[in-house]
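All chains should be built: construct the whole structure from the sequences, respecting the hints.
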Amino acid sequence: MCFLNFSRQFLSQILQHNIIQGYTGVVRGACLISKARRSTQFLCRGYTCLSSQQSFLHLSTFQNCMGRYFFSELHRKDTISQWNSTEKSRTQQDGYEIESDSSHRKLQEKFNIDVLVSLLRQENAADICVIKVPEDIQYADYFIVVSGSSTRHLRAMALYAIKVYKYMKKDCEPNAKIEGQDAEDWMCIDFGSMVVHFMLPETRGVYELEKLWTLRSFDEKLSNIPVETLPEDFIYAADFNVTK
Amino acid sequence: MVLISRSFTGFLTQLSSLTHHNAFSVSAAAAAIQKMTRVRVVDNSPQGTTPWHRAPRVIHVYTKNGVGKVGDRVLLAIKGGKKKALIVGHKMPGERMNPRFDSNNVVLIEDNGNPTGTRIKVPLPTHLRKMEGEYSKLLAIASRFV
Chain A
1 MCFLNFSRQF
11 LSQILQHNII
21 QGYTGVVRGA
31 CLISKARRST
41 QFLCRGYTCL
51 SSQQSFLHLS
61 TFQNCMGRYF
71 FSELHRKDTI
81 SQWNSTEKSR
91 TQQDGYEIES
101 DSSHRKLQEK
111 FNIDVLVSLL
121 RQENAADICV
131 IKVPEDIQYA
141 DYFIVVSGSS
151 TRHLRAMALY
161 AIKVYKYMKK
171 DCEPNAKIEG
181 QDAEDWMCID
191 FGSMVVHFML
201 PETRGVYELE
211 KLWTLRSFDE
221 KLSNIPVETL
231 PEDFIYAADF
241 NVTK
Chain B
1 MVLISRSFTG
11 FLTQLSSLTH
21 HNAFSVSAAA
31 AAIQKMTRVR
41 VVDNSPQGTT
51 PWHRAPRVIH
61 VYTKNGVGKV
71 GDRVLLAIKG
81 GKKKALIVGH
91 KMPGERMNPR
101 FDSNNVVLIE
111 DNGNPTGTRI
121 KVPLPTHLRK
131 MEGEYSKLLA
141 IASRFV
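Going down the list, the protein sequences come from chains A and B.
Those letters in the first sequence? Residues 1 to 244, per this note's numbering, in order.
Those letters in the second sequence? Residues 1 to 146, per this note's numbering, in order.
Calculated from the structure, these hints are not laboratory results.
Don't take every hint at face value.
Stated by the list, open to error - Pair by pair, the computed Cβ-Cβ distance ranges are:
(1) Tyr167(A) - Pro46(B): 26 to 32 Å
(2) Val227(A) - His60(B): 43 to 49 Å
(3) Gly94(B) - Glu202(A): 22 to 28 Å
As the list claims (entries may be wrong) - Calculated pairs, DSS-like style, for lysine-lysine (alpha carbon to alpha carbon, straight line, at most 27 Å):
(4) Lys177(A) - Lys166(A)
(5) Lys35(B) - Lys64(B)
(6) Lys121(B) - Lys211(A)
(7) Lys170(A) - Lys130(B)
(8) Lys130(B) - Lys110(A)
(9) Lys110(A) - Lys177(A)
(10) Lys211(A) - Lys130(B)
(11) Lys91(B) - Lys121(B)
(12) Lys169(A) - Lys211(A)
(13) Lys69(B) - Lys121(B)
(14) Lys82(B) - Lys69(B)
(15) Lys169(A) - Lys130(B)
(16) Lys177(A) - Lys69(B)
(17) Lys177(A) - Lys64(B)
(18) Lys35(B) - Lys79(B)
(19) Lys221(A) - Lys170(A)
(20) Lys121(B) - Lys82(B)
(21) Lys130(B) - Lys163(A)
(22) Lys84(B) - Lys35(B)
(23) Lys64(B) - Lys130(B)
(24) Lys177(A) - Lys79(B)
(25) Lys79(B) - Lys121(B)
(26) Lys64(B) - Lys82(B)
(27) Lys69(B) - Lys91(B)
(28) Lys91(B) - Lys35(B)
(29) Lys130(B) - Lys166(A)
(30) Lys177(A) - Lys130(B)
(31) Lys121(B) - Lys64(B)
(32) Lys221(A) - Lys35(B)
(33) Lys221(A) - Lys121(B)
(34) Lys69(B) - Lys79(B)
(35) Lys79(B) - Lys221(A)
(36) Lys64(B) - Lys84(B)
(37) Lys221(A) - Lys82(B)
All C-beta atoms in this analysis are idealised placements derived from N, C-alpha and C, irrespective of residue type, glycine included.
Put into C-alpha cells, the structure is as follows:
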C-alpha cells in the first residue's frame, strides 16, 4: 500500500498548488453526487483532474504511478471524504448545480465538465482521466480518457454522452459526432471545449495518451523517435542555379 | 530516399554533371498530392520509419478528383505493401492563413481509422480540427500544432 501513500502525497501536492479553478466544484460535485446516489448503491469513483505541469517536480513519482494505472485503485470512499474536508473551507462557486433529471432545469445548465464526468460515472466507466490542457495549446480545455469493458460498452457510453449533449445544448452550439464509429477499440467525441476518448484498456496501454498530454514534450515515446538527419550526399537546393 | 529526392526538386538541367544523377524529371509543386507522389511518413510507426530502397508513393487518392489536400485519405505503396494514410500537410499553398509545409507529410492509418503509429513529432495544422472528418485521433497523438 506504499503505492497509495505515494499517490496520496502526489495528489495533496496538486491540491496545494491549486492549479485548476474549477477543481473545487468538480471534487465537491463528486462528493455531493455520491451522497445523492448512495441509496441506489452506486459505486462512486473519484477522478484526478491533472494539469500539464510546466515544472516537473513530481515527474518521477508521476511516471512511477502512471505505468500502473493507479486511478481506479486510488479512489475509494475514504479518500473522497478526505478531499471533502479539505475543500469545505474553500469559497462557494457560483452557479454550480447538481445534475438533475427535471426538464425545466435544461436551460439553466450548461454541458460542462462536471456534467460529463458524472454521466461517465453513471455509465460505469473505468479509469476516468481528466487532464486540463494549458492555454498555450489551443486545442481544448479538458482532455478526457475513459476505459470501457467492451466495444458495446464504449459505444453505449458514447451514444449516451451525445444524447445528453443534444438535450442540454443551446441551438447555437454545433452538433457533436462520434468519431471512430467503425473502430472497435477507440472512439472519440469532440465537444468543442472538451474532448473525450473512449478506449479499451489494451488500446489505452498502446497509445498512452495521458502520458503525452501531461508530460507534453517530456514524453518518453516522443524522445525515442530518432532525430532525422540529412544524408551525406544531400545538396541544398538553394546552392544550385536553377535553369528551366 | 525521400530526402535525397527532395534535394533534386527545383533543378533540372544540371543533373548530368553530378555523380548521383537520377533519371527522373521533377517539377515544382503542381497540384498537392496525387498518384505517384512520394510522401514523407511522419509518425513513429515501424512501417514508416524503417528504411527501404524506394520512397513511399501514393497510388490512389480517395477523393472525387484525384487531388489530395490536407485531411484526405490516400493509399500508399510502402515497403512492398499497401497502406492507407492521411495527408497532414503538403507543399502546395492552400488558404491564406493556413500553414504550408516544406514536405508532403502523411500519417499511416488503419482501415478502421486508428493511427498506426503512437506519436507524431512533426507539427500538425490546427485547421484539421474544424474540417469534416475523423481527425481527433491524430490530434490526440500529436505533439505540436501549427
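Task: Numbers of the earlier hints that this structure fails to satisfy, in rising order - done: 1, 2, 3, 12, 19, 24, 31 and 32
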